[in-house]
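Asks: For the record, the sequence lines run as chains A and S.
Heads up: the first sequence runs through residues 23 to 519, numbered per the working numbering.
Heads up: the second sequence runs through residues 50 to 148, numbered per the working numbering.
Treat the hints as calculated values from the structure; they're not laboratory data.
Among the hints, a few may not be true.
As the list claims (entries may be wrong) - Derived Cβ-Cβ restraints for the label pairs, each shown as a range:
{"#": "1", "chain 1": "S", "residue 1": "Phe138", "chain 2": "A", "residue 2": "Ser274", "range": "50 to 56 Å"}
{"#": "2", "chain 1": "S", "residue 1": "Ala59", "chain 2": "A", "residue 2": "Thr168", "range": "36 to 42 Å"}
{"#": "3", "chain 1": "S", "residue 1": "Leu144", "chain 2": "A", "residue 2": "Ala48", "range": "56 to 62 Å"}
{"#": "4", "chain 1": "A", "residue 1": "Asp319", "chain 2": "S", "residue 2": "Leu118", "range": "46 to 52 Å"}
{"#": "5", "chain 1": "S", "residue 1": "Asp115", "chain 2": "A", "residue 2": "Ala270", "range": "35 to 41 Å"}
{"#": "6", "chain 1": "S", "residue 1": "Pro123", "chain 2": "A", "residue 2": "Glu69", "range": "26 to 32 Å"}
{"#": "7", "chain 1": "S", "residue 1": "Val75", "chain 2": "A", "residue 2": "Gln30", "range": "21 to 27 Å"}
{"#": "8", "chain 1": "S", "residue 1": "Glu135", "chain 2": "A", "residue 2": "Ala258", "range": "30 to 36 Å"}
{"#": "9", "chain 1": "A", "residue 1": "Ala48", "chain 2": "S", "residue 2": "Asp86", "range": "49 to 55 Å"}
{"#": "10", "chain 1": "A", "residue 1": "Gly517", "chain 2": "S", "residue 2": "Leu144", "range": "54 to 60 Å"}
{"#": "11", "chain 1": "S", "residue 1": "Val75", "chain 2": "A", "residue 2": "Glu69", "range": "54 to 60 Å"}
{"#": "12", "chain 1": "A", "residue 1": "Ala263", "chain 2": "S", "residue 2": "Phe138", "range": "37 to 43 Å"}
{"#": "13", "chain 1": "A", "residue 1": "Ser340", "chain 2": "S", "residue 2": "Leu121", "range": "21 to 27 Å"}
Said to hold, decoys possible - With a cut-off of at most 35 Å between alpha-carbon atoms, the simulated DSBU-like pairs for lysine-lysine come out as follows:
{"#": "14", "chain 1": "A", "residue 1": "Lys286", "chain 2": "A", "residue 2": "Lys433"}
{"#": "15", "chain 1": "A", "residue 1": "Lys273", "chain 2": "A", "residue 2": "Lys512"}
{"#": "16", "chain 1": "S", "residue 1": "Lys100", "chain 2": "A", "residue 2": "Lys281"}
{"#": "17", "chain 1": "A", "residue 1": "Lys76", "chain 2": "A", "residue 2": "Lys87"}
{"#": "18", "chain 1": "A", "residue 1": "Lys130", "chain 2": "A", "residue 2": "Lys76"}
{"#": "19", "chain 1": "A", "residue 1": "Lys286", "chain 2": "A", "residue 2": "Lys132"}
{"#": "20", "chain 1": "A", "residue 1": "Lys273", "chain 2": "A", "residue 2": "Lys256"}
{"#": "21", "chain 1": "A", "residue 1": "Lys83", "chain 2": "A", "residue 2": "Lys286"}
{"#": "22", "chain 1": "A", "residue 1": "Lys114", "chain 2": "S", "residue 2": "Lys60"}
{"#": "23", "chain 1": "A", "residue 1": "Lys437", "chain 2": "A", "residue 2": "Lys512"}
{"#": "24", "chain 1": "A", "residue 1": "Lys504", "chain 2": "S", "residue 2": "Lys60"}
{"#": "25", "chain 1": "A", "residue 1": "Lys273", "chain 2": "A", "residue 2": "Lys132"}
{"#": "26", "chain 1": "A", "residue 1": "Lys437", "chain 2": "A", "residue 2": "Lys286"}
{"#": "27", "chain 1": "A", "residue 1": "Lys273", "chain 2": "A", "residue 2": "Lys37"}
{"#": "28", "chain 1": "A", "residue 1": "Lys273", "chain 2": "S", "residue 2": "Lys60"}
{"#": "29", "chain 1": "A", "residue 1": "Lys286", "chain 2": "S", "residue 2": "Lys100"}
{"#": "30", "chain 1": "A", "residue 1": "Lys132", "chain 2": "A", "residue 2": "Lys512"}
{"#": "31", "chain 1": "S", "residue 1": "Lys100", "chain 2": "A", "residue 2": "Lys414"}
Glycine included, every Cβ here is placed at the ideal spot set by N, Cα and C.
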Amino acid sequence: MIQQTAAQMADALAKGEITSVELTQAHLDRIAAVDGQVKAFLHVDTEGALAQAKDVDARRKSGEKLSPIAGVPLALKDVLAQKGIPTTAGSKILQGWRPPYDSTVVSKLKDAGVVIMGKTNMDEFAMGSSTENSGYGPTFNPWDLTRTPGGSSGGSSAAVSSFEAPLAVGSDTGGSIRQPAALTGIVGVRPTYGAVSRFGLIAYSSSLDQAGPFGRTVLDTALLHEVMAGHDAKDATSINAPVPAVVAAAKSGDVKGMKIGVIKQLQGEGYQKGVQARFDESLQVLAGLGAEIVEVDCPSFEYALAAYYLIAPSECSSNLARFDAMRYGLRTGDVDGASAEAVMSATRDAGFGREVKRRIILGTYALSSGYYDAYYGSAQKIRTLIIQDYAKAFTQADVLVSPTAPTTAYKIGEKVDDPMAMYLGDVATIPVNLAGICGMSLPAGLADEDNLPVGFQIMAPAMQDQRLYQAGAALEAALLSKWGAPILSKAPALGGK
Amino acid sequence: MSSLSRDDVAKLAGLARIEMTEAELVELSSQFGMILDAVARVQEMDLSGVKATSHPQPLENIARPDVVLPSLSPEDALSGAPAQEESRFRVPQILGEAE
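Could you build the full structure based on these sequences and the hints that come with them?
Replies: The structure is reproduced here in structure tokens:
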């Protein structure tokens, strides 16, 4: 049962072939069996999940009209507040915190009858690309338990790829949904900035952060996308427009006559051979389906990584000032006579990990007087050029494509002491965030040299998210018929199966 | 090659209210040169006449109708407080003794 797609599960629920309680229990059993190895979850809400499942079963029985994925279980990235449930953002500074409110994403999931099984591991405050920066230890890639599942939403990607959950929510500030999806052989979408409410999403870099869906298929991902997205008055940057018809697009999956632009700057040198090979192969598949492949030039993308690693740390140095040991979260050093400032400094030293400190210090430097124009100011101008490059490219193509990440999953510990090497893994995903547009990663096969999943990235203009699903579904269907079985069937079985 | 000394990092850590150990200060200062060289690439392009973008959307202030809506109860608001007293957050001393 747990091997099915979310769409199949939803169908079985609607037909009364299974109950949500049975489906949820099967996933909780799977978590109990394999999460000791994978460590995708920071908190499993067994009782709460079964209560939600029971409730949705009752609503269905009473004849209530339910959302298309009502009763389907889900794993939630620990960056989203859920009332009464431990929420840490992967940080020791929030250990034990139970939010007194629901984020809008959680409210929408609850309204849709989606069963939230628990909170998934992540790089602390979403700063990282491997989950190794979590304050609670890393998550392991189900394809090879010595490797990272990517990050920062690595707990969510590992949960879905290990069949612990059919769906998961992540967040993507510089690639944190798309890159882990690529490294674990699943689908992940970063929606257009402003499409999904950020209310209750613990902020890292407010002008870049966006929550989004993970699934094992393009359609499953669309079903979750449609439930999460929509205008929210509680988020001043929320776009007041209808949600793009992503489910319909995922069902149509037609690329005949579609213009697909290959970004010259996001391929070739620096990309692993097997990654480039699967990418090129997917392009041929799309061309075979009737798409027109063109090359587009985005010269400013060479500077996207540099701009990102100034903008995101600058915003984070300001956003994380709220962790001041006064109103919630950790407080240490509160001895008689200690000043508020001393308590604050001691708490932030004890509660923040290395990468978070590194980025706060870098952001503090980039924003300090005398350096502001040279660093943060220049980065903001690069951002303008990236937006202009995209705008021009989208006059030549309907969607743009690249490999999602330059390499397949790397070993745990391989890059943890070399921050620049880790940052380079985000080179292909970051431009989407800087421009506020949308992007998807879907499996393109396994790299020949290591038999690990490769991600294919599709990008579309703001609020044209349906194009991702339209192109993604077409590629997915063609690759599936070529492979004969879903890519995850090639992943090794985990113990306790 | 850019660099930040141990003392530069200590000053920034003070501004960011993070009390760092000596080992942390030394480690960060040794990593910063490389990181600063990488991010300083933003200065390589000719950016004269380019406008800055602080946000991907044209932002405007949004005011909601001035009506009372439900909000957190004092108990809920204080539920995560490290310390509380008389339905308020209890915080360490903010002003010096002399003040």
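Asks: Just to be sure I understand the hint, the distance between the Cβ atoms of Val75 of chain S and Glu69 of chain A should be within 54 to 60 Å; is that true here?
Replies: violated, 47 Å
Asks: Take the C-alpha atoms of Lys132 of chain A and Lys512 of chain A, compute the straight-line distance between them, and say whether it is at most 35 Å.
Replies: holds, 34 Å
Asks: Could you grab the alpha-carbon distance between Lys286 of chain A and Lys100 of chain S and see if it respects the 35 Å cut-off?
Replies: Between Lys286 of chain A and Lys100 of chain S the Cα gap is close to 25 Å, so the pair holds against 35 Å.
Asks: Tell me if the straight-line CA distance from Lys83 of chain A to Lys286 of chain A falls inside 35 Å.
Replies: violated, 54 Å
Asks: Does the Cβ distance between Ser340 of chain A and Leu121 of chain S fall inside 21 to 27 Å?
Replies: holds, 24 Å
Asks: Given the hinted pair Lys437 of chain A and Lys286 of chain A, is their Cα-Cα distance within 35 Å?
Replies: Status holds; Cα separation ~27 Å.
Asks: Does the Cβ distance between Val75 of chain S and Gln30 of chain A fall inside 21 to 27 Å?
Replies: The hint (21 to 27 Å, Cβ to Cβ) is violated, given that Val75 of chain S and Gln30 of chain A are roughly 55 Å apart.
Asks: Please work out if Lys286 of chain A and Lys132 of chain A have their alpha carbons no farther apart than 35 Å.
Replies: violated, 43 Å
Asks: Per the hint of 56 to 62 Å, is the separation of the Cβ atoms of Leu144 of chain S and Ala48 of chain A within bounds?
Replies: Since Leu144 of chain S and Ala48 of chain A have Cβ atoms about 58 Å apart, the given range 56 to 62 Å holds.
Asks: Does Lys100 of chain S pair with Lys414 of chain A here, judged by a C-alpha cut-off of 35 Å?
Replies: Distance ~17 Å between Lys100 of chain S and Lys414 of chain A Cα, so the pair holds.
Asks: Does the beta carbon distance between Gly517 of chain A and Leu144 of chain S stay inside 54 to 60 Å, or does it fall outside?
Replies: For Leu144 of chain S against Gly517 of chain A, whose Cβ atoms are near 59 Å apart, the range 54 to 60 Å holds.
Asks: Tell me if the beta carbons of Pro123 of chain S and Glu69 of chain A are separated by a distance inside 26 to 32 Å.
Replies: holds, 28 Å
Violated hints for the displayed structure, listed by number in ascending order: 7, 11, 19, 21, 24 and 28.
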